[in-house]
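A.B. asks: Protein chains in written order, with this note's numbering: chain F, 147 to 368; chain A, 147 to 368.
I should point out that these hints are in silico values taken from the structure, not numbers from a laboratory.
Here the structure is a predicted model, which means the values were calculated and not measured.
Honestly, I wouldn't trust all of these hints.
No copy labels: a pair is met if it fits in one copy or bridges any two.
Below 25 Å or equal to it, Euclidean Cα-Cα: the simulated SDA-like pairs (lysine to any residue) are [unchecked claim]:
#: 1; residue 1: K254; residue 2: E234
#: 2; residue 1: K254; residue 2: E330
#: 3; residue 1: K192; residue 2: E281
#: 4; residue 1: K184; residue 2: A318
#: 5; residue 1: K276; residue 2: R248
#: 6; residue 1: K285; residue 2: D338
#: 7; residue 1: K192; residue 2: E260
#: 8; residue 1: K169; residue 2: L301
#: 9; residue 1: K328; residue 2: G197
#: 10; residue 1: K364; residue 2: C295
#: 11; residue 1: K254; residue 2: E230
In case you want the letters, here they are:
Protein chains: 2
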Amino acid sequence: MNISALSDPATSQSSATQIAHSKLRDLILTGELAPGTKLKIDHLRKILGTGASPIREALSLLTSDQLVVRHEQRGFSAAATSSEDFAEILRLRCSLEGMALRQSMENKSDDWIESLVIIHHRMSRLQQSKSDDFEREHKNFHMALIGNCDSPLLLRFCNQLYDLNIRYRFIAGRSIDYKGRKVEDEHRIILDAVIAGDIDHAEDLLRSHYETTGAFLKAFIK
Amino acid sequence: MNISALSDPATSQSSATQIAHSKLRDLILTGELAPGTKLKIDHLRKILGTGASPIREALSLLTSDQLVVRHEQRGFSAAATSSEDFAEILRLRCSLEGMALRQSMENKSDDWIESLVIIHHRMSRLQQSKSDDFEREHKNFHMALIGNCDSPLLLRFCNQLYDLNIRYRFIAGRSIDYKGRKVEDEHRIILDAVIAGDIDHAEDLLRSHYETTGAFLKAFIK
DNA sequence: TTGTCCAATAAAATCGATTTTTTATTTGCT
DNA sequence: AGCAAATAAAAAATCGATTTTATTGGACAA
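Construct all of the structure, not just a fragment, from the sequences and the given hints.
C.D. replies: As structure tokens, this is what we get:
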């Protein structure tokens, strides 16, 4: 499985550290490195075919993203999961992305709307396929919605939360079918509200999109 | 200057990486390593008296905290500062800490209130002295206000924002005198509102505390 | 049995040296 | 002079080996 496309784009990741970072992130997000797993440097070295230094650096980077936990003098482990954690991520996402969406819409511009339309189109084309491509476009869409807000830190937080959340999706199983969920419709009406410039409505829709998806996913967690 | 006390408490930081992390954080927060400065590994090695690996690891940790920027294949530098960045931090702090305070108060408990009273007392005792001790207690107080919320991720964000903000305070100069600012009074009335359980009022007070301080500091930035 | 001490093993952490990449400087050409 | 390529110097990145620390598995005594 390879969702490295979910990383920031334009990554001509040259350095060993970058590659290790991207691959480890991938392995953790998809659950191939299960929550709570001890991450032994030596083992990772074999898997990733690189030295200890880049791996330790990559793990350090992932630590601050909450995907890896650092245990002083006793190595690293993949961050644990729990239903409380899941619920918290959901709550925070609603709040922060809601906030970001408002700001994004307050800065509304034709260019932004047009890019949204394109990105939405690219996502729709792939229609809920469980492919990496869809995952990438789906993230693109959600990040683009809030991306017009003038707050890099807020965007960073949202990005981080997105990744933390997607891990639960993967762990619950990509197999799970969002049957009857009409996710595409939800995306569509959010986009429409954004285009219409109805801030309150758009925020409402976005939040309930997350809440519905979250409630749905919750059943599969733990 | 040593504000390592601002780090999480109970840090019997044994490993070289931890020490480097703490010291570098310190140097950057206080501005001894000025914003934008290139951070050459070799130079830091001499300063910190340790090898390259712990330093690179520490820098990687600081990267995700937004205090250090990583330039692929060309090293690290201390994060730049700007008035926009300062304004953003301020805005986000108001939103996120406001939110966290509400949640904190909704979970109100006698134990929490008592610990607040004690922490406030410890801070007051040091009364705006520009000492490291005061800085530590001041951070303790603000983190304790929101610390009763049941959201580790939110607390982490707030903690990070606190540090990003305090750097501006240090850079503006510890010398600056908050004359007429009556900061102690503001802390007092916030505490009172929290004790009284008046959520809306407390949030208002906290936010305007930050806004006032921010507006005041702004004059010294850039 | 149960617990404590000690050795043996495994793993983490770190160092010093090497390799790779970038940046600065010089050289040669039009 | 002005530019481009080549070289030299500096710095980053990485590796392999060493040191330190934690963990495991007895051996022994209460």
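A.B. asks: Against the earlier hints, flag every one the structure doesn't satisfy and list their numbers going up.
C.D. replies: 3, 5, 7, 9
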